[in-house]
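Visitor: Sequence:
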Amino acid sequence: MPLLTRMVGAPLAVDIGRGAVTGLAPLLADNRISSGGHVAVAVGPGQGEEIAAALQPHLTNALICPVQGGTVEAASGLAGRLREGFYDAVVGIGGGRTLDVAKHAASAVGLPMVAVATSLAHDGIASPVSSLEHDGRKGSYGVQMPIAVMVDLDYVRRSEPRMRRAGIGDVISNLSALADWRLAERERGEGVDGLAVTFARAAATSVLHRDDGIDDDAFLIALAEALVLSGLAMATAGSSRPCSGGEHEIVHAIDHLHPGTSTHGELAGLAGLFTSFLRGDRQLTGEIDACLARHGLPRAPADVGLTAEQFARAVFHAPATRPDRYTVLEHLALDEEGVIGHVHAYLDALGV
Numbered sequence: 047m048p049l050l051t052r053m054v055g056a057p058l059a060v061d062i063g064r065g066a067v068t069g070l071a072p073l074l075a076d077n078r079i080s081s082g083g084h085v086a087v088a089v090g091p092g093q094g095e096e097i098a099a100a101l102q103p104h105l106t107n108a109l110i111c112p113v114q115g116g117t118v119e120a121a122s123g124l125a126g127r128l129r130e131g132f133y134d135a136v137v138g139i140g141g142g143r144t145l146d147v148a149k150h151a152a153s154a155v156g157l158p159m160v161a162v163a164t165s166l167a168h169d170g171i172a173s174p175v176s177s178l179e180h181d182g183r184k185g186s187y188g189v190q191m192p193i194a195v196m197v198d199l200d201y202v203r204r205s206e207p208r209m210r211r212a213g214i215g216d217v218i219s220n221l222s223a224l225a226d227w228r229l230a231e232r233e234r235g236e237g238v239d240g241l242a243v244t245f246a247r248a249a250a251t252s253v254l255h256r257d258d259g260i261d262d263d264a265f266l267i268a269l270a271e272a273l274v275l276s277g278l279a280m281a282t283a284g285s286s287r288p289c290s291g292g293e294h295e296i297v298h299a300i301d302h303l304h305p306g307t308s309t310h311g312e313l314a315g316l317a318g319l320f321t322s323f324l325r326g327d328r329q330l331t332g333e334i335d336a337c338l339a340r341h342g343l344p345r346a347p348a349d350v351g352l353t354a355e356q357f358a359r360a361v362f363h364a365p366a367t368r369p370d371r372y373t374v375l376e377h378l379a380l381d382e383e384g385v386i387g388h389v390h391a392y393l394d395a396l397g398v
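Position one of the sequence shown corresponds to residue 47 (this note's numbering), numbered consecutively onward.
Keep in mind the hints are simulated off the structure, nothing from the lab.
By construction, the Cβ of each residue, glycine as well, lies at the ideal position given by its N, Cα and C atoms.
Be a bit skeptical, because a hint or two may be false.
To be verified - The following label-pair restraints were derived from C-beta to C-beta distances:
#1 F132 with G284: 28 to 34 Å
#2 G237 with P207: 35 to 41 Å
#3 H302 with R127: 41 to 47 Å
#4 D381 with S122: 37 to 43 Å
#5 H104 with P207: 26 to 32 Å
#6 V155 with R52: 24 to 30 Å
Could you build all of it, start to finish, from the sequences and the hints given here?
Guide: Here it is in structure tokens:
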């Protein structure tokens, strides 16, 4: 009887801990990514530049490429520089924007990419997706997932507390996304990948009920692992479906209507709480609400500087951001008056 199985793409190495970046050069050599250190290092402002400077004596053949902003244009510019030389791989060092630019550029020229994350703000550190701005709008682009992932807790701890909290919101919003996926399965017969569901749910539940927080190494390790698992879930599914449902449609709508409102992870947590309320899932709503409150994350539109009406407008326009995706928003098909009514009912339930 033949053995039926499948191959799932995954990083060759994942290194999470204090002082992790000191092992970058050995990691490149030991995993045969680049034995001679002929890599292009894309660095973001701040800590990325600092790390690159510290690593340069150990990567004497590397080209340092500063990256500004998280745009398609920045990724295209980096890809142009990569085409001018010969490199074994691209190393992205910095926060989510820098890593997304590096992933997009590396995919464009067919090079493997190593992600060195200095922030845990969202699940892009190991995902096959780059979220980049183009013509004033943010879009999601399919890319190759990183061939290796490093998270140095010494640098993560130096990031703003808000940026550390944001990753919590993004990863627990998986639970809302998975509920939407199951809804699409029931209503439209959409196929659901059970392995991708397992990765995404394990990621969310690994941090959902923890009583420690962003100042504890154990929590940061769990959060980093959860964000990597979310990336694996998307790679397994071949799309962002296991980690992106109606809540991310709302995030994209807010980004378009009210750019700069808040971080991606903060908005994802808030929107995930709201869409769970829309589904009438009291248990999940309560669990997400408790987690957000415990970590000081936004739970109401006012917490991110939006009025109820502004938030309702974003909810109404959210389905247009992903017309191919079926979620609770498409299922209810609320008109503007209906959305406003549900937003006020949600705020009443929160007691705000």
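Visitor: Just to be sure I understand the hint, the distance between the Cβ atoms of V155 and R52 should be within 24 to 30 Å; is that true here?
Guide: holds, 28 Å
Visitor: Indicate whether the distance between the beta carbons of F132 and G284 respects the range 28 to 34 Å.
Guide: Hint holds: Cβ distance 31 Å, inside 28 to 34 Å.
Visitor: Holds or violated: the 26 to 32 Å window for the beta-carbon distance between H104 and P207?
Guide: holds, 31 Å
Visitor: Take the C-beta atom of D381 and the C-beta atom of S122, compute their distance, and say whether it sits inside 37 to 43 Å.
Guide: About 40 Å separates the Cβ atoms of D381 and S122, which means 37 to 43 Å holds.
Visitor: I want to verify a distance hint. Is the separation of the beta carbons of H302 and R127 within 41 to 47 Å?
Guide: Roughly 30 Å apart at Cβ, these two residues miss the hinted range, so it is violated.
Visitor: Could you tell me whether the CB distance from G237 to P207 stays inside 35 to 41 Å?
Guide: Holds, at about 40 Å.
Consistency with the previously given hints fails for number 3 only.
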